[in-house]
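Engineer: In case you want the letters, here they are:
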Amino acid sequence: MSPVPASTAEAAVAPSLETFLRSRRSRTAIVLAGLTAVLIVVAVVGVGVGAHAVAPGRAVEVLLSALGGATEADRDRLIVVGVRLPRVLLAMLVGAVLAVAGAVMQGLFRNPLADPGLIGVSSGAALAAAVAIVVGDRIAAALGTTAPADLLPIAAFAGALLGMALLGAVGRRGGRTRIGAVLLAGLAFAALANAGIGLLVAMADDRQLRDLSFWSLGSFAGATWGRLGQAAPFLIVALVAVAPLGRALDALAIGEAEAFHLGIAVERVKRIAFVAVALGVGAAVAAVGVVGFVGMVVPHVVRLAIGPAHRPLLVGSALAGAVLVVGADLAARTVVAPAELPIGILTALIGAPVFLHLVLRAREGL
Amino acid sequence: MATATHASRPLMCLDRVGRRIGGRDILSEVSLDLVPGRLTVVVGPNGAGKTTLLRIASGEIAPDRGTVSWEGEPIAGRPAWWLAMRRAVMSQSSEIGFAFAVADLVGLGFDAVGRRRRPEARRAAIGAALDAADIGPLAARDVRTLSGGERQRAHFARALAQLAAGAGDGARRALFLDEPVASLDLAHQIGLMEAARRVADEGVAVLAVLHDLNLAASFADEVIALHEGRLAARGEPAAVITEALVERVFAVTARGPGRARAPTVPVIAPQFFSARDAVAPAI
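Same order as they appear, the protein sequences are chains A and B. The working numbering puts the first residue of the first sequence at 8, with every later residue one more than the last. The working numbering puts the first residue of the second sequence at 1260, with every later residue one more than the last.
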């Protein structure tokens, strides 16, 4: 680049910086507003569609009257508020948490391919769930009872936290969390967990196999107000905990030492992020099983739309993740109605091609 | 701004700091004062401990021995934000994870300590930093698509923006530059050093690690030569950068212009060189 006289440089700079900042801002506002609108539409359709169809206008009416405290027990109300609303709300929260967890992990690892699975959460949860399904059943049978319904989610949640704690211990040395070590240990841990699951699959009977495969692909079929009540506190805490990390994640994008120079308490940020992601993803996996691809793809798509700054990215990822999972669940229960598809099939079916398209289109941008 | 009283009192003191890694002394017994308004340059061969010294001074790593103090108070145990309010650092290599634009990167510097400032102040500071680093026309470019030198100037602008945001604290600030001109062309090397000089003239204590003895001689108020982790010489450039020191520390036989004889490497001694002679980018 050749030296430029001061006056020309100023004339060229001022408008280009201004225009850039302004267009980035308005683009972000439009995308976030658009996502919010789409989420509302998908949610209203979500509570309306099913064996007993409720028109969107009627669905809104029922929801508003329920908000207003009306209690008359008509059929629309029972189905919309009693059955479908908890399912849609759980899908929203799970989608938001998975996508935000993905955005946080990608920011922390400075790698757009990172996802929550990398810190042992998913592996731990999956292994514990498999143990609960296969071994828990046998123990219950030996005791002459059936396994309690809550065994699976509790085991999965405990497994998620245990997996994260294990990796955290491996990755820490001298009071510092070494991101690279966590990444490699996560891969090893995932391989071990897979081996364990494989072993359990070999031991499982037909019904257990079916449970295992359904759970490993995720499903909202079991969503009730009770299940929502168990998972929601953890999901919401996870979202609230990572919400203030946007600026720190931006700083971490240029390296841990540089983030420290910029005044970020790097170790604290890493700890908060790991624990929040483990809580959120653990609770999500425990509630509905493994819903793949959301954590990896959603932050990517949002980043391409509004840029890499993490504060809008976290908000956008939460909205887009909610839209994707509510929409995928809607498809999961209508495509082969009255049967249901596991939702993981749909998120992969939607997510993988979108992802491929992005990779091909923006090859140098990754 | 620097006042007469400030100029004489050091802002930062490193007192006999040392650092040992793997049983080897990377740095030992190095003392150093950073004075407001003064540009101090650290020179020395690879592995002499220059970067370690800068990392200790910036608070990134703690010394094993010796103390680092800021206005008489030890900085050990100070939180990251406390340091960030007072000093900015441009490290040697910075990779960036995502498609941040140059303006975003520079904004990171400002936002580090200037979150409560008005948006107009933010825009003005970012604009000024971009101009000072001569990178303004690339404000909207993805940092990862820049050349090495352009990226270096973007990081320099980021450090300047952080200093500007911390300016509420008065002139008691420091700027640390680790090989800031390593990938720059000749004109931008001089341009960046002139910008650093101007920062110092505003009262900031500047510490820069440089490999180019000509630049060191041209811009430094004080030169510190490190050799095998120890202080080899310190003082005014003309007193430190001598043929004897270059021979001893760098193992290179140096000659001033006019006296250069093949096959020695010419080092232009300070008295023969002036930045004014070169075509510097107008910044």
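These are computed hints drawn from the structure, not numbers from a lab. Fair warning: this is a prediction, and the values are worked out from it, not measured in the lab. All residues carry an ideal CB built from backbone N, CA and C; glycine is no exception. Please note that a few of the clues may not be correct.
Some residues of chain A that are not near chain B, with every Cβ distance over 10 Å (derived) [as the list claims (entries may be wrong)]:
#1 L158
#2 E265
#3 G314
Here are the simulated distance ranges between beta carbons [stated by the list, open to error]:
#4 A172/A to D1292/B: 45 to 51 Å
#5 T43/A to G1282/B: 58 to 64 Å
#6 A359/A to R1403/B: 48 to 54 Å
#7 R1403/B to L194/A: 22 to 28 Å
#8 R278/A to R1275/B: 41 to 47 Å
Engineer: A separate judgement is required for each hint: does it hold in the structure or not?
Structural biologist: How the hints compare with the structure:
1. L158: holds (40 Å)
2. E265: The assertion about E265/A is violated, with a minimum of 6 Å to chain B.
3. G314: violated (7 Å)
4. A172/A to D1292/B: 45 to 51 Å: Given a distance of about 47 Å, which is inside 45 to 51 Å, the answer is holds.
5. T43/A to G1282/B: 58 to 64 Å: holds (59 Å)
6. A359/A to R1403/B: 48 to 54 Å: At roughly 25 Å between Cβ atoms, R1403/B and A359/A fall outside 48 to 54 Å, so the hint is violated.
7. R1403/B to L194/A: 22 to 28 Å: 26 Å Cβ-Cβ, so the 22 to 28 Å window holds.
8. R278/A to R1275/B: 41 to 47 Å: violated (34 Å)
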